[in-house]
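Trainee: Spelled out from the first residue to the last, the chains are:
There are 2 protein chains.
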Amino acid sequence: MGSRGSGWVTPENVGLLVDLYELTMADSYLRHGLNQQATFDLFVRELPPNRNFLVCAGLEPVLDYLEGLRFSPETLGYLESLKLFSREFLDYLEKFRFTGDVWAVPEGEVVLPPEPLLELRAPRVEAQIVETFLLNQMNFQTMIASKAARVVLAARGRAVVDFSPRRDHGADAALKAARSSYLAGCVGTSNVLAGQLYGIPVYGTMAHSYVMSFDDELSAFRAFAQDFPQNVVLLIDTYDPIQGAKNAVKVAKELAERGLKVKGVRIDSGDLATLSREVRRILDEAGLHDVKILLSGDLNEHKIEKLLQEGAAVDAFGVGTEMGTSYDAPALGGVYKLVEDERGYRVKLSAGKATLPGRKQIWRLYDDEGTMVRDVLALADEPSPEPEARPLLKPVMRGGERLSPPEPLPRIRERCLRNLERLPEPLKRLERPRDFEYPVRLSPKLEALKARMHRELVRAPAPDPD
Amino acid sequence: MGSRGSGWVTPENVGLLVDLYELTMADSYLRHGLNQQATFDLFVRELPPNRNFLVCAGLEPVLDYLEGLRFSPETLGYLESLKLFSREFLDYLEKFRFTGDVWAVPEGEVVLPPEPLLELRAPRVEAQIVETFLLNQMNFQTMIASKAARVVLAARGRAVVDFSPRRDHGADAALKAARSSYLAGCVGTSNVLAGQLYGIPVYGTMAHSYVMSFDDELSAFRAFAQDFPQNVVLLIDTYDPIQGAKNAVKVAKELAERGLKVKGVRIDSGDLATLSREVRRILDEAGLHDVKILLSGDLNEHKIEKLLQEGAAVDAFGVGTEMGTSYDAPALGGVYKLVEDERGYRVKLSAGKATLPGRKQIWRLYDDEGTMVRDVLALADEPSPEPEARPLLKPVMRGGERLSPPEPLPRIRERCLRNLERLPEPLKRLERPRDFEYPVRLSPKLEALKARMHRELVRAPAPDPD
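Taken in sequence, the protein lines are chains A and B. Numbers 116 to 581, taken from this note's numbering, label the letters of the first sequence in order. Numbers 116 to 581, taken from this note's numbering, label the letters of the second sequence in order.
Next comes chain A alone, as it looks inside the complex (with noise of 0.2 Å):
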């Protein structure tokens, strides 16, 4: 308990990382010979409170994890000690490979609910196991893109970069929230190991506390620039900006003559949008036209909205932890239910809860413009509702395969940038739209396969037991 090291996830362990109650039913399934092919939808009842849209993010390490998952000796040592489990169920995870299918919208694209962002077919015992890693994993990283979507559009072009890994929720959490949000639309992040792992170029300079570690500011911005004179990013707002700002254009002038620049500032506190444009003229003013000015400081998608309707100046934005935790909306309601199994297509009726049966499609339609219209869920097997029609769910993994390699990350940014020019207007901007529904219809047949399967639910509601 507690010992050195113990406290990781990691791949050997992550078998683990799965409700209790997971576990006992997946014994119980295989005693009992129930271990058909059943399909299970991963989907979102409804949209989080100020949220338009969903932006999908997580696939990718689901992928990582299915091909990976084993039981190693050491999980299923303790597993056996819990004195739960059926021999027959730690021999069977000791052999355990995911031999199911995937399909999945793609990361980075847009969705609505209540469409699958991912669909799974397996061994009922095998979709059992999985259902909590998918769900953490799905839940928390769409969740952070669709907030990072937010705030890519509300700065309107400008970068954006992720600034927090102090408060996110541990360290997967960081990791995570660097590669949804880049992925959504921001330009890196200030997290190293997220730069390691993904690729994700990162960004920062200099804190308060390096500036107050000098004799002054203008000794801590020559030591900086001497230092990394390819980065020169200085924080100009520990003492007074504006007098902050006198000091860049010193150094920027000291740079230029060994044919080096200063490539930008950084405010992180006081009237963002009446310092930013006072730097900027002072910026300006030295002819350092091309220096930018980065903002920051418990920045979200409505105040940097207000800054910009306020004519802040500015070329990018750090946002830390209202898009690291998605602090208005930090839970995302995904869910995985079962839609078809041995017996057929399957459903839930229960208010609030009702479930869509079979394998389905998302087919998306769009206008002249590239505007997306609506979206028409159908069942997998149906044909396209329209010849335009855009299919979302692609295959992905078969029998337990990947059939692609690892999509580049800068891919899934590019369709996620697209996707979000190509929203309608109304869900576009930052608060719910008042008389718009972006529509998410059901197709004739699934429509009708729903109706037909309520009625004989309600026909014969609960199966009486005695």
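Careful: at least some of the hints might be erroneous.
No copy labels: a pair is met if it fits in one copy or bridges any two.
Said to hold, decoys possible - Cross-link-like lysine-lysine pairs, in silico, DSS-like; alpha carbons within 27 Å at most:
1. K378 x K198
2. K468 x K421
3. K376 x K421
4. K565 x K463
5. K210 x K463
6. K543 x K418
7. K378 x K407
8. K198 x K365
9. K543 x K565
10. K463 x K365
11. K421 x K378
12. K418 x K198
13. K361 x K376
14. K468 x K560
15. K463 x K376
Don't read these hints as lab results, they were simulated from the structure.
Following the hints, position chain B against chain A.
Mentor: Chain B only, in chain A's frame:
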């Protein structure tokens, strides 16, 4: 990028889980000979919304990190590829060992802002490099422990189980949410990996989908009881909780013939207060007084308080999303600030961002009943303000080595429960007390030092950079 297994934080790469500016600053400090001993306080400036106190958590993972922190050839190769850092700094990192001292409030102890949760003294470069990770871990885990303590208080002695993995922010969050909520008084978690790594009791039996996988509810209950005779907790609300309770009675009678018992039933939807009373009556009428009732379904401390006020018949609560994400206050704003260096005491003045100088001690005073009555924040070298005062900050690491082995988690949990008992009544309530503020006073010496330093800084505020 995104290749198999690359998306994990491991003991080998965690050194890079750092904001880039920590490394650029560290490199610059090293080059400019600014590597003397410096002391940093990790503290929270003010209570988050809806919180009356904080419960310390995250120390053990932090000490584990500090002891094990190394920079592997792979991580150094990546840093070199950024073409930012000096050879001197990369060589320094190659030989990196944390050599500093740490004082900390033990996990499970209650603290009030602005009391430091942790103080670290180390060469400035080391202290800088570890900042991001320390904040990432302490902020998150203290936030969860503080939220979980509210849930535990609301449950008034009834058991609380962490059900949060599917909504936690990634893998590390799921693990640490289980640990932090357990140490704050929960009885266990659904998270099997937290069971293995931390020895936390694990809970869970079945989901609605399990019940639906059998022809009828009674068959599902019988199958489960047959497979897990020692762990029969039956989910009774898949169809109708009253009928479910009757089926549970039936299974209990069948088990009784074999000398076995139903341990409990779970209700996950509907009017939990009314249903639980009806279910209790059904169980009691069948003589099943020791079958426990577990309630779950989007619970939080307010709903639990209301359920108990309404007279719910309940032995345990399963709490997920709201506890595991600290939904109503999903970020803790802990900061890490220089309080002393080779030049002496250090403070920051800025409005709302002021710091207190010097290494400190927190002294806590209790009344005759053992209830907390006030804290005194003093300089570390001051004597106890009163003979009975209890010091909260303890030395935990010297020269980079732990001073004692990891504390057993049950002992931390006991400490937390004792702390919760000893809270003043107004802080135990879920609302912010209106006419009560728990006194956190500065010692006369710290008060005088602060006043003197502020006077001096105001007299010579910003060093004139010209």
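Trainee: Hint by hint, note whether the structure agrees.
Mentor: Against the structure, the hints come out as follows:
In this assembly of identical chains, the alpha carbons of K378 and K198 lie at most 27 Å apart only when taken from different copies (16 Å versus 62 Å within one copy). Taking the shortest alpha-carbon separations for K468 and K421, only the inter-copy value of 24 Å comes in at or below 27 Å, while the best intra-copy value is 38 Å. Within a single copy, K376 and K421 get their C-alpha atoms no closer than 31 Å, and across copies no closer than 62 Å, so neither meets the 27 Å cut-off. In this homomeric assembly, K565 and K463 come within 27 Å of each other (Cα to Cα) only inside a single copy, at 10 Å, whereas the closest approach across copies is 64 Å.
Within a single copy, K210 and K463 get their C-alpha atoms no closer than 33 Å, and across copies no closer than 59 Å, so neither meets the 27 Å cut-off. In this homomeric assembly, K543 and K418 come within 27 Å of each other (Cα to Cα) only inside a single copy, at 16 Å, whereas the closest approach across copies is 35 Å. For a Cα distance limit of 27 Å, the shortest separation of K378 from K407 inside one copy, 6 Å, qualifies, whereas the shortest one across copies, 65 Å, does not. When the C-alpha separation of K198 and K365 is checked against a cutoff of 27 Å, the pair qualifies only between copies, where the shortest distance is 25 Å, while the shortest distance within a copy is 72 Å.
Taking identical chains as interchangeable, the C-alpha atoms of K543 and K565 are never at most 27 Å apart, the minima being 32 Å within one chain and 49 Å between chains. Within a single copy, K463 and K365 get their C-alpha atoms only as close as 68 Å, which misses the 27 Å cut-off; across copies the closest is 26 Å, which meets it. For the homomeric pair K421 and K378, the shortest alpha-carbon distance inside one copy (25 Å) is at most 27 Å, but the shortest distance between copies (57 Å) is not. In this homomeric assembly, K418 and K198 never come within 27 Å of each other (Cα to Cα): the closest approach is 54 Å inside a single copy and 34 Å across copies.
In this assembly of identical chains, the alpha carbons of K361 and K376 lie at most 27 Å apart only when taken from the same copy (15 Å versus 78 Å across copies). When the C-alpha separation of K468 and K560 is checked against a cutoff of 27 Å, the pair qualifies only within one copy, where the shortest distance is 21 Å, while the shortest distance between copies is 61 Å. Taking the shortest Cα distances, K463 and K376 never come within 27 Å of each other, neither inside one copy (63 Å) nor across copies (31 Å).
Hints 3, 5, 9, 12 and 15 from the earlier list are contradicted by this structure; the remaining hints agree with it.
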